[in-house]
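Asker: Below, each chain spelled out in residue letters.
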Amino acid sequence: MYPTDRRYSKEHEWIRVDDRVGVIGITDFAQDQLGDIVFVELPEEGKAVRAGDVLGTIESVKAVSEIFSPVSGRVSAANSELDLRPELLNADPHGEGWYCKIELDDPEQLDRLMDAGGYEEFAQQGS
Amino acid sequence: MQSTEAKRTPMYAAHLAAGARMVAFAGWQMPVQYRGVIEEHTAVRTRVGLFDVSHMGEVRVRGRQALDCLQHLTCNDVARLRPGRAQYTALTTVDGCFVDDILVYRLDETDYLAVINAANATKDVDWIRQHAGAFDAEVVDESDRWCQLAVQGPAAAATVAELSAAPLEPIRYYGFVRTELAGERVILSRTGYTGEDGFEIYADWSAGDRLWRAVLDAGAVHGILPVGLAARDTLRLEAKMALYGNEIDDTTTVYEADLGWIVKLDKGEFIGRRALVDQRASGLRRKLVGFELGGRAIARNGFTVLAGDEPVGRVTSGTFAPHLRKSIGLAYVPIERTEIGSELSIDVRGRRETAKVVATPFYKRQ
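Keeping their order, the protein sequence lines are chains A and B.
Going by the numbering used here, 202 is the number at position 58 of the first sequence; the sequence numbering is gapless.
Going by the numbering used here, 215 is the number at position 175 of the second sequence; the sequence numbering is gapless.
No lab work stands behind these hints, which were simulated from the structure alone.
Each residue gets a CB set at the ideal place from its N, CA and C atoms; glycine is no exception.
Some clues are possibly wrong.
Sample of chain B residues with no beta-carbon within 10 Å of chain A, all distances over it, derived [said to hold, decoys possible]:
{"#": "1", "residue": "D135"}
{"#": "2", "residue": "P362"}
{"#": "3", "residue": "S367"}
So, partial list: chain B residues that the calculated Cβ filter (under 7 Å) puts toward chain A [what the hints assert, rightly or not]:
{"#": "4", "residue": "Y74"}
{"#": "5", "residue": "G76"}
{"#": "6", "residue": "V77"}
{"#": "7", "residue": "I78"}
{"#": "8", "residue": "R225"}
{"#": "9", "residue": "A270"}
{"#": "10", "residue": "A337"}
{"#": "11", "residue": "I338"}
{"#": "12", "residue": "T359"}
Could you put the whole structure together from the sequences, leaning on the hints where they help?
Answerer: Set out below in structure tokens:
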């Protein structure tokens, strides 16, 4: 059910790496938990982050959730489509609802993250 | 442990079967959403929605001095009610603040039903009993006896008409009848907490599940959806209706809460009358206003409101209004800042978001 071309964090983010650039988003489990998303705060391009730093926030009608960077690096792009259509995060969290892109400092950090099978089990446990 | 388990309404099984996400609220297991807040909110604004509000409390006040008792306890004029009419009012403290906001139904000459918030049920019953002692009236907590449903939206009347033995057209806003719905005896009132046309239905607890299913069946052709507490909150906020604990509590006066229309000083003595008279004479220092944010960031309960760099108030409720598609909220601000168009800012997790005072209700049905 979860795409196998990427890795997953315990905070319910995914990262799909191409060369040294990682595309980051939230998982289907996360968007379902959040409910209808109405506002997305995106990181600024050029922002340097360490693994675990807050990239931005996602607001649903009832709650706000922080998005943590699964890796260290520099933000190279943010999905500005989410400014206009935050509901994309609910509709297509693994595709068009991607959140931002990061140039990785250290690709070996990916080894610390879960694969699709591991995440599926993790999410089912209700974390 | 048994004592800490949340109570269940008669529709609990139906909610689970419908895929509701449940939450413990005021000691009850309640549905927070089924399909999603925005979809449910939209259903109520454009078609019809069904709410389980059986967690609300009910207090029966009956007897020779039932009217006098309720007049003493509330700020609105209960004497204006004929049997078959209800009114929105407040149980007031000696400071003119809120014990609770309630509805009072006049069932008969000396027979009244007060409908109270779930979160305040125990407190309200104790308060009413405490102050009823001086009157020839009996006070009975009937919360376990009545279940409650609300049917709200432009197609609510069409839905309820299918099931009602009594015709609906003669029932005016805040009027009610005692009739049968799908064969169940009910109190059917034209009231609600959404800003739409609609009905609240009170029935025997045991009839709850049957009525729930009957209304969903009758409403199917109109596109009815069951609606949870999350959308109940966004709907009432768009309609600028107060929520106890947010806009109103025992530190906010009825005037400050912009509910002066339920205060009838000339009806006679009531708890808090002196404080409200004094406040009206000296003038308000702060008042509840509605605001809109410039962007889509959401103001939440407790966020600081600023005028320039100066903190001047607090947000009581805020949301992204699904129907209006704007970020809105309510806040107490100093009286000199309450003019429509007054510019403020809200501290949203460290960021200053511009806001301006707007007229309320944010939404008014056609």
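Asker: List, from low to high, the hint numbers that the structure doesn't satisfy.
Answerer: Numbers 2, 3, 4, 8, in rising order.
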